[in-house]
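Chemist: Residue strings, one per chain:
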Amino acid sequence: MTTTRVPQGADHLRRHGRTTAGAPPTKPTLPPGVGWADERVGAAKGMRFLLNKVFPDHWSFLLGEIAMYSMIICLITGTFLTFWFVPSMGHTVYDGQYAPLQGVGMSEAYKSTLDISFEIKGGLLIRQLHHWAALLFIVGIALHMARVFFTGAFRKPREINWVIGTVLSLLAVIEGFAGYSLPDDLLSGTGIRAMAGFMQSAPVIGTYMTFMVFGGEFPGELIIPRLYIAHVLLLPALLVGLFTLHIMLVVVHKHTQYPGPGRTNDNVVGFPLLPVYTAKAGGFFFIVFGMTALISAFVAINPVWVFGPYDPTQVTAGSQPDFYMWFSDGALRLLPGWLEFTVFGTTWSFNIFLGSLLLLPLVWTIAGVYPFVEQWITGDKREHHILDRPRNNPVRTAVGVAAISMYTVLALATVNDILAIKLNLSINDITIAFRTLFFVAPVVSFWITKRLCLALQRADRDKVLHGREAGIIMRSAEGRFEEEHEELDPYTRWPLVQYEPIRPLSLTEGPDVNERGVSRRRQMTHRLRRSMSDFYFADRVEPVTPAELAAAHHHGEQEAIEAIEQHSDPVNAIPGEVPHGRHHDDH
Amino acid sequence: MTKLPALRRSPIALVVLLLLGLTMTGTAYAAFKPAAPVNPMEQAANASEEDIETGRKLFLANCASCHGTNAQGNGTAGPSLVGVGAAAVDFQVSTGRMPLAEPGVQAPRNARAVNFSEEEIYQMAAFVHSLGPGPDVPEPEYLDASQGDPANGGKLFRTNCAMCHNSSGSGGALTRGKYAPDLMNVTPAHIYEAMQTGPQSMPVFNDDNITPEEKRDVIAFIKDIEEGGSSYGGHSLGSLGPAGDALFVWTFGIALIIGAAVWLGRKAS
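Protein chains in written order, with our numbering: chain A, 1 to 587; chain B, 1 to 269.
Just so you know, the hints here were simulated from the structure itself, not pulled from any lab data.
In this text, all values refer to a predicted model and were calculated from it rather than measured experimentally.
Treat the hints with care, as some may be off.
Some chain A residues near chain B, calculated using beta-carbon distances under 10 angstroms [to be verified]:
(1) H58
(2) F61
(3) Y98
(4) A99
(5) A411
(6) T414
Ideal Cβ placement from N, Cα and C applies to all residues, glycine included.
Build out the structure end to end from the sequences listed, making use of the hints.
Modeler: Dropping the structure here:
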C-alpha cells in the first residue's frame, strides 16, 4: 500500500455506493493473516479491490448464482463419485444386493453405478444430488440467460461475456449429456445410440466420424472411457476456465443495475462484497446446496436399476434424454421421414441431420450473434450499464419470447409419447399439432408479447401523467363524483420515464425518397438495416418528457393533457423531423 | 349467534356440504361397485356340457351382436372367436375390456365394467373353447410369482415388453391413440393370458417363444416392481424417466430456489 491513489474518472460518482469511501490514506493496520499474505504476494490490494466491489441487489441477479452454485455442487459430488465409478465397458455379472438384477450380465460401468447406489454408504444420495444439481445447473443457466437477454444486459461492453456465456451453456449441455451417458443403463445407451445416429447422418464423413469416435462399430468398448475423460476432465476444465473468465469480466465491467433514482451509467448502487454480499451470496450457496440435498433425499432421479443394463437389442418406451437435449430429440420426432433419400446408392439422412448436426450449432450461433445483430441495427456504440425493462424494448422482448416458444414446441415434441398416454391423445395428432405450432407459435407469441409490451408502456405513461388511481371517490359540492388520482412520487416515477426510446432509421435518416420522389441510392446492407430498424422500432411509446409532465401538473386537468397529446406532434415523432409517411401534408 | 340457521348461511357450509356429499357418494360407490374376479380360473377343458350350454346362452345375449351367433365373426364389427381359446375370453371379459362399451381405437381395461360373475365368465370361456382348440386358461403353478425368478424375468421383459410397456411397466404410447397399458395391479393370470393370446396390438408370445416358466419369471418381475422392489431413492415421480424429472425441476425445484433468491434480494427496494 505504498502507492498513492489518485481519484480518477467516475470515482466520485461511485464512491457513495461504497461503505469504505474516504478510507484514511495512512497505511492501515492489516489483520495478521492478511498482513502476512500482503507482505509476500501483495494480497491486500487485490482484496481491497474485490471486497469493496459493489453489487446491486435483485433476485434476478441470483439466477446466475444458482447455476454457479449448482456447478460447484456437481464438482464436489462428482469427485465423490469418481472414487467408485469404473468407466469400463468390460463385461461382468451382477452379484450385489439388488435382487431383480442378480446374475444379469452387464458392463462394469453399470455395475459400479449400481454399487454406488446400493453398496456405498450415502452413494445413492450423492448420485441423486449430482444429477439434480446438474439439472438445476442448466435450469439456472437458461433462466440467467433469459434475464440477461430480456434486460439487454448483453449490450456494449458485455457482448464478449454474452458470447462466453453462450459457449458455457453449450458446454454445460454437452457435459450433461456425457455424464448422463456414463452409467451405461438402457436409457443412457439409447442416448449414445442416438448420438451415433446424429454423427452418421453427416453427409460423406458421417461413417468415418462415427468409427473414429466409437473406435469401430457401435457400441464398441471405447465410448464410455472416452466420454468419462470428457466428462471429468476436459469439459469441467473448460467450464471452470471459461466460467472464471465470465466472472472476471463481470468484475471488470461492474454489475449492471435496474433503472432507479440515483442509478446512472457511471455508478453502481448496491452493497459491497464484504460484509453484505459475502453473507448473502455465501448464504445462498448453502441454501441452494441444502435445497438440492433435500430434493435428492426425497425424490428419485435416474433410477438406473429400473432401466436395466444397456443392450443394443433392447429399448424402453418413454426413452427421453434429460430436458436440455429435448429440443433436438423433438426436432427429430417432428421432421418428416421423406427427408431421407437415396442417391446413386448413397443414403442422405436429412431427417436426422437437420434436427441434430445442423440444429444444435445453429441454436447456439443465433444466440451468440444476437448482441452484434442488435447493435448493427441500432447503431448504438455507447456503453450501457442500466438495464432495460423488458417492456421498453418491445420487439427484442417479443423476439426472445418467440424464440423460446419455438424451442419449447421442439422440446415438448420429445415427450409426445408421454403426452399421448397421459392425455389420451393420438401420438400422430400430437405430432401434427406440434409441426403446425412450430411455425404458428412464434408468430402468435411475437405479436402478443409485442402488444403486451406496448400496452404496458402506455399504462406507464398514463400513470406518470395522470397519477395512480387512488380508489377514493370524491363528491364535490355540486354533487359531481370523481376518482382521486394520486400523483406519483419522484422515486416511483423515475423508472417509468428514464428510458431512451430508440427511433427507427426511417425517422432519423429521413424518408427513402428525396423531395422529387426519386429514391435515394443506398447499399443493400443499409436497406436491410433500415427495414430491420423499422421492424424493431417503428411501433414504440415514447417516455413522458419533462415538458409533458409539467403541463400535466400545472394545468392539472384532463383536458390540458389531452390537448397536448392531440395538438403537439404525435408521441412517436421527433421535434423538427417529418414523420414517416406524412411528409406530403407538411410541404 | 352460533345457532344452526346462522351456520347454514356461513360460506364454509357450502364447502362442508360439498365434501360430505362427495365422501358419501364415494363411500357408497366403493361399497356397491362390482368387484373383478381375482382367483385363477379352472381349466376350460374340464367344463361340463351344461356349462358350455349356459356359456352359449350368455354369449348369444352379450357377444353375438358383434362376433356373430356362432362366434364366426361379423366383418369389421368383431373378429371370429373360433380358436382364440378360453384364455382370451378370460382376459378380455374379466378385465372389463369385453363386452366393448363403445367403439374406439382400443378397448380399455376397466375393472368396474365387469358385469359377470366368475362362473359366468368361465361358462363363456368354456363355450368359446368348445368351438375350436386354443390356449386354455393358465395352470395355477405358472401364476405363483413367488416361484419365479425376477432377474430372469427382467431380462425377458426388457427384451420383449419394455419397448411398449416401459422398463418399469408404466405403459407407453402406440400409434394413433393406441397404447400399451400400465402393468401395475394386473393379476398374474391376466398377465399370463395377455402374453399367451396377444390381445389388441400386442404380439403373441406362445410357449415356444417364452416358456410357461419364463412367463412366470416375467410375472415375478412385474410383481416385484409392484411391491416396491425397485423403488429406492425417494419418490419415483410416476416412473416417467427424464420427463418426470424435467417437470419436477422446472416447477418445484427451481421455484424453491427462486423463492429463496427473492427472499435474499428483497431488501433492495
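Chemist: Taking the hints in turn, state whether each one holds.
Modeler: Tested hints:
1. The beta carbon of A/H58 is positioned within 10 angstroms of a beta carbon in chain B (closest approach about 5 angstroms), and the interface hint is therefore held.
2. Restraint check, A/F61 versus chain B: the minimum CB separation of about 7 angstroms is within 10 angstroms; hint holds.
3. Among the interface hints, the one on A/Y98 holds; its C-beta lies about 8 angstroms from the nearest C-beta in chain B, closer than the 10 angstroms criterion.
4. The interface hint given for A/A99 is met, as the beta carbon of that residue sits about 6 angstroms from the closest beta carbon of chain B, less than 10 angstroms.
5. Here the hint on A/A411 is kept, as its CB sits about 9 angstroms from the closest CB of chain B, short of 10 angstroms.
6. Checking A/T414 against chain B by beta carbon gives a least distance of about 8 angstroms; that is within 10 angstroms, so the hint holds.
Consistency note: the structure conflicts with none of the earlier hints.
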